[in-house]
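Spelled out from the first residue to the last, the chains are:
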Amino acid sequence: MGNGTELGRVRGLGSAREGAHHWWHQRLTAGSNLVLMVWFFVSLARLPGLEYGLVHDWMASAWVAIPMALLVASVFYHARLGLQVLIEDYLHDEKQFVFLVLLNAFVVLGAGIAIFSILKIAFGASA
Amino acid sequence: MATASPKSRPLSPHLGVWKWGTHMLVSILHRITGDGMALVGTVLVVWWLAALAGGPESYAAFMDVFTVKGGALNIIGYIVGVGLTLCFFQHMASGIRHLVLDTGAGYELKTNKMFATLTMVFSVLATLAFWAYQIWGK
Chain C
1 MGNGTELGRV
11 RGLGSAREGA
21 HHWWHQRLTA
31 GSNLVLMVWF
41 FVSLARLPGL
51 EYGLVHDWMA
61 SAWVAIPMAL
71 LVASVFYHAR
81 LGLQVLIEDY
91 LHDEKQFVFL
101 VLLNAFVVLG
111 AGIAIFSILK
121 IAFGASA
Chain P
1001 MATASPKSRP
1011 LSPHLGVWKW
1021 GTHMLVSILH
1031 RITGDGMALV
1041 GTVLVVWWLA
1051 ALAGGPESYA
1061 AFMDVFTVKG
1071 GALNIIGYIV
1081 GVGLTLCFFQ
1091 HMASGIRHLV
1101 LDTGAGYELK
1111 TNKMFATLTM
1121 VFSVLATLAF
1131 WAYQIWGK
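Top line first, the protein sequences correspond to chains C and P.
Anchor point for the first sequence: position 17 equals 17 in the working numbering, and the numbering is continuous, going up by one each time.
Anchor point for the second sequence: position 38 equals 1038 in the working numbering, and the numbering is continuous, going up by one each time.
Worth flagging that the hints you see were computed from the coordinates, not collected in a lab.
No experiment lies behind these values; they were computed from the predicted model shown.
One should not assume that every hint holds.
Unchecked claim - Which chain P residues stay away from chain C? Per the calculated CB distances, all over 12 Å, these:
no. : residue
1   : S1012
2   : K1019
3   : G1021
4   : H1023
5   : L1025
6   : G1104
7   : K1110
8   : K1113
Claimed, not checked - Result set (DSS-like, lysine-lysine): computed pairs, CA atoms no more than 30 Å apart in a straight line:
no. : chain 1 : residue 1 : chain 2 : residue 2
9   : P       : K1138     : C       : K95
10  : P       : K1138     : P       : K1069
11  : P       : K1110     : P       : K1019
12  : P       : K1138     : P       : K1019
13  : P       : K1019     : P       : K1007
14  : C       : K120      : P       : K1069
Just so it is clear, CB atoms sit at the ideal spot from N, CA and C, and this is done for glycine as well.
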């Protein structure tokens, strides 16, 4: 198809079959973020204090550790989708590629540390 | 991934002629608050969780950054705490607005402007209510 216009290069190829995926997952995680973050804010506000023992015991409960781990997964996925759009909008060429790879590393590392920390507290390993 | 565009494509002349509207402000606020939380909020939450999992010393080191000796928030604690809650409530409200707009509703000029304005009213009120409860409610 040569080096024609952008339209010319894609005409006849049909849909990429992945256009709605990002959009839909952003909405799905928006819904789960809404539920989990409201839970998080209400629970945090209702804690009598933020001292170590108090917060640690609170986090060790399955009623907190499970929604907290789900919150990390949902929020990090949603954050990744949002930052992806930011990078695609403002960075171009090689820079865009590099930052999209770095974004995945950032998200996997952050969510990995967060979920490990929650599980460590919940499974009661002494510090 | 977008390919490089030809350099000399014409732009529509109307792109330079516009003035700020509430809907534009809420749109860019949605991006700023969302990406702000994605970059700063996530790092702080991970630090908080890792510090909590690490034991009393690492948790104290985390809390020392944001609080004074008595346990009350210091200036950094207030800036980060109030900033993140305001970002959260604004992003939540305009996120709900986006979910409504996704259904095809709320595009009439007056309705659209009112809903956009309400997201900012909500975020300020919710932030004030949250911190009032934190400071005087207990």
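Results of checking the hints against the structure:
1. S1012: holds (17 Å)
2. K1019: holds (22 Å)
3. G1021: Holds: least Cβ distance 20 Å, greater than 12 Å.
4. H1023: holds (18 Å)
5. L1025: holds (18 Å)
6. G1104: The assertion about G1104/P holds, with a minimum of 14 Å to chain C.
7. K1110: Correct as stated: the minimum Cβ-Cβ distance to chain C is 26 Å, above 12 Å.
8. K1113: Holds, because the least Cβ-Cβ distance between K1113/P and chain C comes to about 23 Å, which exceeds 12 Å.
9. K1138/P to K95/C: Between K1138/P and K95/C the Cα gap is close to 49 Å, so the pair fails against 30 Å, i.e. violated.
10. K1138/P to K1069/P: holds (19 Å)
11. K1110/P to K1019/P: Holds: K1110/P and K1019/P sit about 17 Å apart, inside 30 Å.
12. K1138/P to K1019/P: Violated, because 45 Å separates the two Cα atoms, which is more than 30 Å.
13. K1019/P to K1007/P: Satisfied, since the Cα-Cα distance of roughly 27 Å is no more than 30 Å.
14. K120/C to K1069/P: holds (28 Å)
Of the hints listed earlier, those the structure fails to meet are numbers 9, 12, in rising order.
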